[in-house]
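For reference, the chains in residue letters:
Number of protein chains: 4
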Amino acid sequence: MQVRTDLAVEATGMQEESIAGIESETEEKDRIRIDRIRIKSPDAAERVGKPCGNYVTITVRDLSENDRDEYEEACMCVAKELGDILNIEENASVLAVGLGNEHITADSIGPKCVKNLLVTRHIKEIMPDEVDESVRSVSALSPGVMAFTGIETSEIVRGVIEKTKPDTVIAIDALASRSMSRLGRTIQIADTGINPGSGVGNNRKELSEKTLGVKVIAIGVPMVVDAVTVALDAMEATGADEDEIHTFFETYKRMEPMNADMVVTPKDVDSLSSQSARIIANGINLALQRALDREDIDRYGHF
Amino acid sequence: MQVRTDLAVEATGMQEESIAGIESETEEKDRIRIDRIRIKSPDAAERVGKPCGNYVTITVRDLSENDRDEYEEACMCVAKELGDILNIEENASVLAVGLGNEHITADSIGPKCVKNLLVTRHIKEIMPDEVDESVRSVSALSPGVMAFTGIETSEIVRGVIEKTKPDTVIAIDALASRSMSRLGRTIQIADTGINPGSGVGNNRKELSEKTLGVKVIAIGVPMVVDAVTVALDAMEATGADEDEIHTFFETYKRMEPMNADMVVTPKDVDSLSSQSARIIANGINLALQRALDREDIDRYGHF
Amino acid sequence: MQVRTDLAVEATGMQEESIAGIESETEEKDRIRIDRIRIKSPDAAERVGKPCGNYVTITVRDLSENDRDEYEEACMCVAKELGDILNIEENASVLAVGLGNEHITADSIGPKCVKNLLVTRHIKEIMPDEVDESVRSVSALSPGVMAFTGIETSEIVRGVIEKTKPDTVIAIDALASRSMSRLGRTIQIADTGINPGSGVGNNRKELSEKTLGVKVIAIGVPMVVDAVTVALDAMEATGADEDEIHTFFETYKRMEPMNADMVVTPKDVDSLSSQSARIIANGINLALQRALDREDIDRYGHF
Amino acid sequence: MQVRTDLAVEATGMQEESIAGIESETEEKDRIRIDRIRIKSPDAAERVGKPCGNYVTITVRDLSENDRDEYEEACMCVAKELGDILNIEENASVLAVGLGNEHITADSIGPKCVKNLLVTRHIKEIMPDEVDESVRSVSALSPGVMAFTGIETSEIVRGVIEKTKPDTVIAIDALASRSMSRLGRTIQIADTGINPGSGVGNNRKELSEKTLGVKVIAIGVPMVVDAVTVALDAMEATGADEDEIHTFFETYKRMEPMNADMVVTPKDVDSLSSQSARIIANGINLALQRALDREDIDRYGHF
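Residue numbers (our numbering), protein chains in the order written: chain A, 1 to 303; chain B, 1 to 303; chain C, 1 to 303; chain D, 1 to 303.
FYI, nobody ran anything at the bench for these hints, they're computed from the structure.
Careful: at least some of the hints might be erroneous.
If several chains are the same, the list does not tell them apart, and a pair holds so long as it fits within one copy or across any two.
[Unchecked claim] Cross-link-like lysine to aspartate or glutamate pairs, in silico, EDC-like; alpha carbons within 20 Å at most:
#1 Lys124 with Glu152
#2 Lys124 with Glu155
#3 Lys215 with Asp43
#4 Lys210 with Asp167
#5 Lys80 with Asp69
#6 Lys267 with Glu152
#7 Lys163 with Glu209
#8 Lys80 with Asp268
#9 Lys205 with Glu125
#10 Lys205 with Glu72
One chain only, chain A, in its complex shape (with noise of 0.2 Å):
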């Protein structure tokens, strides 16, 4: 009777009483609200259905709204994040994965991204000379979905490491959420890896340091809410009590079948995908290359 959510800010806060083994502070600037929250025993790790480890959540008002000023702060913000959460040497190299079907728009967060990342492996390789010492070596890979290719989106990522070495694996991903406010308005970065239910499609295997033999990180937004939730959120809206809500997902499982696959998602989540993957680019371009600040960002973009 859990409602899927990608958060673990949601995971945690729907826990009435505080948990032991969860750690959580919260940081308010102007316009951003930053979540960090740790899990550290595995008895809390079970009770919120998330595995341990850091999740930070960094909460904007609307990234589709025309703020430059806003965006800026977002994009320095998850590089900030993301360069505290990775904590990587300073030769260390990068892979960033980005998980999704570019062709369903509330799905293509993770292969936008990766088109908006300042990629160096193979300068580094290829002209070592050309590139001051201080640039990391990045890579960049969008594998497709198993629909198009027939092949676990983890084989592909665990072939491609085995070949390039990289120290670090950066997964980007659309997430699900389990309120629709946040809709296009939250950036999550973990320190867990992505698993297995995760964004649209919900089929993909674990990329996780146990999978993969590398640190994953996890960058996600919440582009899609379950069908579900809103017919819950009615629910409690209207004072259903545990029975009815019980009596309610019974009945919704065998009604329709293909409820399962439909998502809620928002009307405007072309522009809110766009943006979300710009901004986690910049994020993750500046906190890899320290020769970059704020006056780089949107440098980097093939398209």
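Given the coordinates of chain A, work out where chains B, C and D should sit on it, guided by the hints.
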């Protein structure tokens, strides 16, 4: 307390008793069901919230399945029903208008469809001796959405009509349905034009004989349902009475203003919209050009 | 025996002596060179094959390099030169028209450019109190190409002009150059409109004050050279005389009729066309809206 | 002084006399011509600059024309020739690799092609009981280009091969031709893999049995000619002798270093590349899946 639907078959079917002034008939084929509804009196039109005219609804089992026979039957069926409802003279010219935003998958049927039309007007104008007389003059336009053009779609279409003088307009658009089970499975053909509030974006002005001065046939496929639909389904399924539903609606409206900007859409919306766009395009090509038949399906895509 | 060029700076420069009725001046900046040519007499116009009017050519070193300073200077320079040549009243309205085929990379500058414009007309029309009076009314259109619409681009534009009554049209298009070294490095702004034979597709009708009834500013970037140019360069480089070149032209025409449908284009045409489209869009935004400045560069892309 | 070509039929045909160690045969059909070349000895391979192996060249009249019969014949012909050259066991698995940059129209055949393949590997792995045993396991990958990934394409492919263990790789790529008349009209199938310098981007590493450890079939369509080709054609047409041509080459190289980055491409490169990609995809589908025949052409496009 009314839930939005662009389908006459839903608007009329929602009424409990049969309505004076509305005629309907149903034809069941092997894999396809056709509902033909005629709204005859202004009274009936007002009751169901749809203008007087003819509405044909073609329902298939599942367009996303790769069943070539069903696909071709759907194309032939659209051609046949469109031909009947068009009822135009042999040498009448047609302008096809693909409405919607090609960057939002669920709203992209119109622009995708016109890319698969056999366009002939320029050949007939420039090299009339090169084409057989029986070839009908067809032009096509994707006017874009107001957020990107700054211009009402209807203004663009009217401007082009005045310059090119087509005898008939066929407008293709994504629709909203009341029922999730209809998404990507139903094609509606109507001789009433496109009316406000249709589609994913609800700010389109009417495109009809009244506003454009020529006959307007509308073809659409439901690709979204309002998020509130899911909530209502839930409440009905659990036996909520009318008072409870009313309370819910009031609460819901206050709850989250942004809910109004949420839509429910199938996860495989990309293949559904591409497939639907191609079926409609094939149907239009076959209906308009006498020389084409089943073997010419899928022959005229630009991409 | 004339080789096609859409650039006045090439057409006039090909003449050996200076031509009566043509004025020109050159401004060299740090990284950017500006040539301003004025064709004043019909005689001169006929000699160089370009209509009377003003042509400004902005030449940068290399748009494909990721030099942010050069990029922003190019944007500012387009804004300044366009502002001078536009010379419009404070509250005059503008329609931007993106010409060309977005599916052919070398021909996609126009459609790509209008996607990055700040479009305001609908806001001023629908919610005039929401926007400051100083905001200029800007609308934008990508009419598509005749092969897909069946309609002359000029007919579509004229129809939309009659409905929306802009004071000025800005038309953006890909151009053909005589010289490979200019591809993607030169931006031409002219107050003479767009003339037949321009661009990658050579079947466009004139878009000018004469045909549209409003002032037409044309902005373009050369993205192709005719294949025959390479041959001529070769012959000249090896010292062929005029007779030999004449013989070649005759032979060439007979040789392969499809040669006429070949163009030479840079291998990195994708990033060149995207970059050029963004520079022009930024220049237009800055020229049209007084409230914007260098900090607002790249702020208004839809995607 | 050699002009680049990826076509064995051109490389061998350029030799004046017949070459020991090369066998060839030609089959003329109604609308299609098939040249089968076998380079048997290392000596011959070195002379023509192509590795030992089999090269089949299918030449049609014009793929851009909308002649459905010719289109389907081309699909069937690719299926037949590919089947012969593949010569794989009934249950052997295949990985199709779409090489090239989907954002450059002339280089997009590979990525476009794999979008139209019938991909089955995941179904066979996850739900083996759902598919008939006769269905061959097919997976597909568009690895992207090194400028965007920072990784050699061959490294990505090798990584995926090691994880997924296909028996054979089919690599699809855009090619360079010596002759403008071949662009978009010729399909080459070779059992030698893809070799350096092929395609629009010339920095790809070899993809062959030697480097990948599995059989590699390469399928390609010429979409560009080197700009220098046009110059050479010109000189030959005007009777230039070898010395003059040599002088030209020397001059040409000094003249404009950027010439090397120029290619000649047909104006209708968008429809040519889409059409070619679909023909190859249909050919692959028909060659790999015994249950499919002519009626299944165009059935498996994702978009």
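Results for each hint:
no. : hint               : result
1   : Lys124 with Glu152 : between (30 Å within a copy, 13 Å between copies)
2   : Lys124 with Glu155 : between (26 Å within a copy, 16 Å between copies)
3   : Lys215 with Asp43  : neither (23 Å within a copy, 51 Å between copies)
4   : Lys210 with Asp167 : within (14 Å within a copy, 29 Å between copies)
5   : Lys80 with Asp69   : within (16 Å within a copy, 25 Å between copies)
6   : Lys267 with Glu152 : between (30 Å within a copy, 19 Å between copies)
7   : Lys163 with Glu209 : both (17 Å within a copy, 18 Å between copies)
8   : Lys80 with Asp268  : neither (28 Å within a copy, 34 Å between copies)
9   : Lys205 with Glu125 : between (31 Å within a copy, 14 Å between copies)
10  : Lys205 with Glu72  : neither (33 Å within a copy, 36 Å between copies)
Comparing the model with each earlier hint shows violations of hints 3, 8, 10; every other hint is respected.
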